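When you get a sec, could you build the whole thing from the sequences and use the hints?
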Amino acid sequence: MERLDLIFSERELDKVLAAVDACGAPGYSVMRHITGKGRNGLVVSEDSEIAGGGTNVHMLLFCEPAIAESVAQEVRKIFEYYGGVGFRAKASAI
Amino acid sequence: MERLDLIFSERELDKVLAAVDACGAPGYSVMRHITGKGRNGLVVSEDSEIAGGGTNVHMLLFCEPAIAESVAQEVRKIFEYYGGVGFRAKASAI
Amino acid sequence: MERLDLIFSERELDKVLAAVDACGAPGYSVMRHITGKGRNGLVVSEDSEIAGGGTNVHMLLFCEPAIAESVAQEVRKIFEYYGGVGFRAKASAI
Amino acid sequence: MGADLVLQNLLSPPVLFFFLGVAAVLCRSDLEIPSPLPKLFSLYLLLAIGFKGGVELKYSGINTEVMLTIAAAIAMSVAIPLVSFPFLRLRLDVFNAAAIAATYGSISPVTFITAESFLASQGISSDGYMVAALALMEPPAIIVGLLLVMLCGPNRSKGQPGVRWGPLLHEAFLNSSVLLLIGSLMIGLLVASQGELGVEKMKPFTDNLFYGVLSFFLLDMGLVAAKRISDLRKAGTFLIGFSVLMPLLASVVGVWLAGLIGLGQGNALLFTVLCGSASYIAVPAAMRMTVPQANPSLYISSALGLTFPFSIIIGIPLYMQMVKRFIPAF
Amino acid sequence: MGADLVLQNLLSPPVLFFFLGVAAVLCRSDLEIPSPLPKLFSLYLLLAIGFKGGVELKYSGINTEVMLTIAAAIAMSVAIPLVSFPFLRLRLDVFNAAAIAATYGSISPVTFITAESFLASQGISSDGYMVAALALMEPPAIIVGLLLVMLCGPNRSKGQPGVRWGPLLHEAFLNSSVLLLIGSLMIGLLVASQGELGVEKMKPFTDNLFYGVLSFFLLDMGLVAAKRISDLRKAGTFLIGFSVLMPLLASVVGVWLAGLIGLGQGNALLFTVLCGSASYIAVPAAMRMTVPQANPSLYISSALGLTFPFSIIIGIPLYMQMVKRFIPAF
Amino acid sequence: MGADLVLQNLLSPPVLFFFLGVAAVLCRSDLEIPSPLPKLFSLYLLLAIGFKGGVELKYSGINTEVMLTIAAAIAMSVAIPLVSFPFLRLRLDVFNAAAIAATYGSISPVTFITAESFLASQGISSDGYMVAALALMEPPAIIVGLLLVMLCGPNRSKGQPGVRWGPLLHEAFLNSSVLLLIGSLMIGLLVASQGELGVEKMKPFTDNLFYGVLSFFLLDMGLVAAKRISDLRKAGTFLIGFSVLMPLLASVVGVWLAGLIGLGQGNALLFTVLCGSASYIAVPAAMRMTVPQANPSLYISSALGLTFPFSIIIGIPLYMQMVKRFIPAF
Ligand SMILES: Nc1ncnc2c1ncn2[C@@H]1O[C@H](COP(=O)(O)O)[C@@H](O)[C@H]1O
Ligand SMILES: Nc1ncnc2c1ncn2[C@@H]1O[C@H](COP(=O)(O)O)[C@@H](O)[C@H]1O
Ligand SMILES: Nc1ncnc2c1ncn2[C@@H]1O[C@H](COP(=O)(O)O)[C@@H](O)[C@H]1O
Ligand code: NA
Ligand code: NA
Ligand code: NA
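Heads up: the protein sequence lines correspond to chains A, B, C, D, E and F, in order.
Okay, so the first sequence: first residue is 1 according to my numbering, each after it adds one.
Okay, so the second sequence: first residue is 1 according to my numbering, each after it adds one.
Okay, so the third sequence: first residue is 1 according to my numbering, each after it adds one.
Okay, so the fourth sequence: first residue is 1 according to my numbering, each after it adds one.
Okay, so the fifth sequence: first residue is 1 according to my numbering, each after it adds one.
Okay, so the sixth sequence: first residue is 1 according to my numbering, each after it adds one.
Please note that the accuracy of each hint is not assured.
[What the hints assert, rightly or not] Below are the EDC-like pairs computed for lysine to aspartate or glutamate, each with C-alpha atoms no more than 20 Å apart in a straight line: (1) D/K39 <-> F/D30; (2) A/K90 <-> B/E69; (3) F/K234 <-> F/D93; (4) F/K39 <-> A/E46; (5) C/K15 <-> E/E196.
[Claimed, not checked] Here are the in silico distance ranges between beta carbons for each label pair: (6) F/V252 <-> E/I240: 57 to 65 Å; (7) D/F87 <-> E/S60: 49 to 57 Å; (8) D/L197 <-> F/G262: 25 to 33 Å; (9) D/S60 <-> F/D93: 58 to 66 Å; (10) B/Q73 <-> F/G241: 41 to 49 Å; (11) E/L197 <-> F/G262: 47 to 55 Å.
[What the hints assert, rightly or not] According to the in silico footprint, chain F covers these stretches of chain E (three or more CB under 8 Å from chain F): (12) 6-13; (13) 19-26; (14) 206-214.
To be clear, the hints were calculated from the coordinates, so they are not data collected in a lab.
Quantities reported herein were computed from a predicted structural model and do not represent experimental measurements.
The C-beta atom is built at its ideal place from N, Cα and C for all residues, glycine as well.
This is how it looks when you write it as structure tokens:
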């Protein structure tokens, strides 16, 4: 089983969800109100919410390697254009 | 050392905490207000809070494999009846 | 690539951020309002916010092993004095 | 005639803000009231309605009418699930049928509050003890729901936890909504019994703000209901029909009972609204705990996506029409 | 003369709380208004300002002055980005120049609200339709911003998604701020057309609380603006100059236009403030979606870290001075 | 006699809602006010109390009585930790003893506010400068707490960071509570000095809502205090005794000092309440930073789980009784 951690702006949540659903992920979890720093040193802070930018979300996804692979491929396109990062690791269900 | 990620409804938090404490876990962390999708495509969204269902929590637990094993066994029973998922992976303390 | 999970009181966020930046981490994500239990059975609950203690943050950091190592060394000092835990694991970028 | 009442209801700020919420979802705007702000409004509304109910209860006192109304309310919250269950079993399994039945036996505080505002705009008075009736309709519905599962459900010997009455009664009587309502009601009663001063000092908070917060909250309810309605479409016409017909049936019985007890027009409307509304706070929470086999998107979405909008948009003026017909003005 | 106005503005509670927020950041206090509480205030302010605007619009009606003002507002929200863009291109790439240009074509509701409060303290009246002008200045600025990218940007054939007008127009007209403003305005209009009662019941919420919530929100804005100003320092003097000079230029044109249309002093000030303010709600959200290549810390920080404080501290009394000079009292 | 005061205090809405919160925890209801809503209430209360205090300070002016009271307040916030420390050392290590000592030298704004409400219900007036005394009791207590650790603590040469006065003084004087209080007080003062208008416009927010928000917040404090009390039980009878006896001792000295200074009954009660209350906002935050070796569940739970409920339930009427006995009505 694999673990996928996707972190990106909440503005792209619907797009990513559509991709994840399309790849047949068995489930996912979403944490909102994530702040952080990414490419070009760009900081996303809590006041991005007031400033209209919105904060980040952290999507956590456990699935079989094949699905992880296709999710990774789909979201990579989104992240390249809009920003966002994703990481994979091994895991096993309890 | 092992890492346990448990995701389940906040309604079962007390039950899971009791199980975790009973197994002798050295510590844990809890994130609330998690939304997501799980078995049977059931979606837990933010409006579940108003609708009385409550949202999910994500419990993160680092411990020795033996404790991880017994926590896994205990919470599996809860998750089978009420719903919830759990995953294990390798990790090491810094 | 490595994954670092750091969990500590929000009161030390600035200190940890300074250390992380100094080590040249390419980015990080921060989740606030984390509750939990740690050394000596000390519980951090939501009412710690009203009581002035503040809750925990969970910082997630993906980076190369060398940077992970130096971040680990820096934050270990902070955690020893103020409390906080950190864990490392393997991961790969999507 | 009725069209006038419908219009007056439709053009009240709370209902208009409800529509704004629905419209925002339909045109896929990113308008949202982020969690936990809706919780602030719902806690406030329960606290304020309880407190005001308690203050009024102090002035009206407890008499035969009060006792009869509360008894009738409890009876209805037992009868509605019992009537609904066999009907729902035509299409649904025991778990889902019982959970939905319990949902319709219970009540929706916001529908009640909207009806109160409607009465106020009509210049018709009602009594504080109706809040007590409201609070007391939750526990019986929850208990009946679980009894239905126990009596009609599959054999539970396969290692699953048996029915534990303790947690069930606890959830039925001490869930946060019921506790906050009853608690605030008792506080209102106690404070009013000490004189005017305490009540006066609470008024700017509990009374003056009320209408505005209700409007704000209904904006959120519009957002939520509109999202839920697509869930309902998946559930099929059977449940859609039930979500509208059951409240109608219950409200007819409600008006009849109100006439029998001899309630005034205001109380009669509130009683009818209670009968015709479905819970989306206390019962879903209880069912989540005691009947986890039921699918929450069925019982929450039917209560929230259809019965709730139906009640506040069409139900309230319609019931008022019925009340005006069968209940003398005084 | 002017010093008096400046002082009166500086010593009003909202502006003082803004300074308190700035001071808290400067002395590195841990004062914060945690998310999503600022969202509660901003939703409230939009809802209240829209509702009140709608009610007043009902009383004032729609006449030539209204139509002219709205047309002028839209024209300004198109002209300002067009004028700003070539100037910004001197130092910035197409994406950032277009995003900043759009930001300055659009408006800041809180600056507008602060100006309204200032007018109230001066005993000068203004009209509800200005809220409509406010809402209608957002979409054109967003659209012009994107057109600039399309026409002047690099060839986009490298597999990147092309311009999709659908999402853009959607974002321009249905983003949460515009929708809530226009929706509340229409609700206010409808409710007022039904008589006094509905308006009266909303007043304690929409009117009485307004000034206090504005003060609270400006405390947060002070915290945010002070944090943003250090970002700006990195961006260099060019952008700092632009953040002050562009609003000044726009406001001069604004006063002139207001005189041409024949607006009263109150409306003229509001119109000028709209021209001179920069968006930090709707446009950043739209740019994030449609021009992700632009760096948000540039356009958000210049609007929020400099133009916003400049407008509410110096801008408002300065523009009032200009208005008093060029617009007859009646 | 006293029983009457106790009853009047017990039956005031804020105290009753506190009991409701305690009851909810005792019967294990799932009632909760989710974070960050309690923060909204506490920020509001600090802002409102500061602003109102500033306005009143404008009217009363600064005279010898004011200076004396503030001096006495500071003296008490130094003396209480010094007296408590050796006593606490009987059972606790240096770190915990110092942290608890500092906690009791400092004050609890909500206790103060509850006492103000109590005075209002008794028709007894008090002065705005008491808010200044309140704010100024925090920093000395924090500083004394750390001095105790430095002077009596184990040798700190083992590579641990030494005492850094900078961060400590910073935390003592610029923590969010003190800053918001002092800032709002100064804003109130400035606004009032500009005339009635600004004050009037803030009133619906800072005055009318106050009592209701206090009640809502005390509901949450009841939930929190009841959860904390079980922590205290683990800490043993020594700390339980201290949490009640120390406030009593401090309040006796407080009444005596108030008499000496010649305060009126209202100010005397507030002064006594300040002496007898323990911090659960600023000091815990400062101790977390400067004495991380101390166990927060000890100092937070004793202040919050015992001293706070004791003060608002029994303390206030008891101190009033003492004040009435020793301080002439005028
Ligand atoms: N190396 C990293 N480790 C953890 N989170 C990251 C990392 N890089 C980026 N992020 C998160 O992903 C968001 C978007 O990243 P980016 O697209 O690089 O700006 C950032 O705001 C961070 O919250
Ligand atoms: N494969 C998965 N990956 C991540 N989160 C999951 C997954 N499956 C379920 N979840 C989370 O666990 C919750 C309960 O799952 P379930 O019991 O399957 O309904 C869901 O609401 C999700 O938040
Ligand atoms: N073993 C663990 N697994 C997960 N989280 C932990 C663990 N130990 C501590 N934590 C988190 O780290 C915080 C600080 O830990 P400590 O410094 O041990 O008190 C706790 O409040 C928990 O939120
Ligand atoms: Na019902
Ligand atoms: Na503009
Ligand atoms: Na004290």
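Against the structure, the hints:
Between the alpha carbons of D/K39 and F/D30 the distance comes to roughly 13 Å, so the proposed pair stays at or under 20 Å and holds. For the hint pairing A/K90 with B/E69, the CA-to-CA distance comes to about 17 Å; that is within 20 Å, so the pair holds. Pair hint F/K234 plus F/D93 holds up; C-alpha atoms about 17 Å apart against a cutoff of 20 Å. For the hint linking F/K39 to A/E46, the alpha-carbon distance of about 16 Å falls within 20 Å, and the restraint holds.
Taken as a hint, the C/K15 and E/E196 pair is broken in the structure, with Cα atoms around 57 Å apart against an allowance of 20 Å. Taken as a hint, the range 57 to 65 Å holds for the pair F/V252 and E/I240, whose Cβ atoms sit roughly 60 Å apart. The hinted range of 49 to 57 Å is satisfied by D/F87 and E/S60, whose Cβ atoms lie roughly 55 Å apart. In this structure the supplied range 25 to 33 Å holds for D/L197 paired with F/G262, their Cβ-Cβ distance being about 30 Å.
Against the hinted window of 58 to 66 Å, the Cβ-Cβ separation of D/S60 and F/D93 comes to about 60 Å, which satisfies the hint. Remark: the range hint 41 to 49 Å for B/Q73 to F/G241 is upheld by a beta-carbon distance near 44 Å. Range check, E/L197 to F/G262: about 54 Å between beta-carbon atoms, so the 47 to 55 Å window is met. Restraint check on the region 6-13 of chain E versus chain F: 4 residues with Cβ-Cβ distances below 8 Å, three needed, restraint holds.
Figure legend: the region 19-26 of chain E, annotated as covered by chain F; annotation consistent (3 residues with Cβ-Cβ distances under 8 Å, at least 3 required). Figure legend: the region 206-214 of chain E, annotated as covered by chain F; annotation consistent (5 residues with Cβ-Cβ distances under 8 Å, at least 3 required).
In summary, the one numbered hint that this structure violates is 5.
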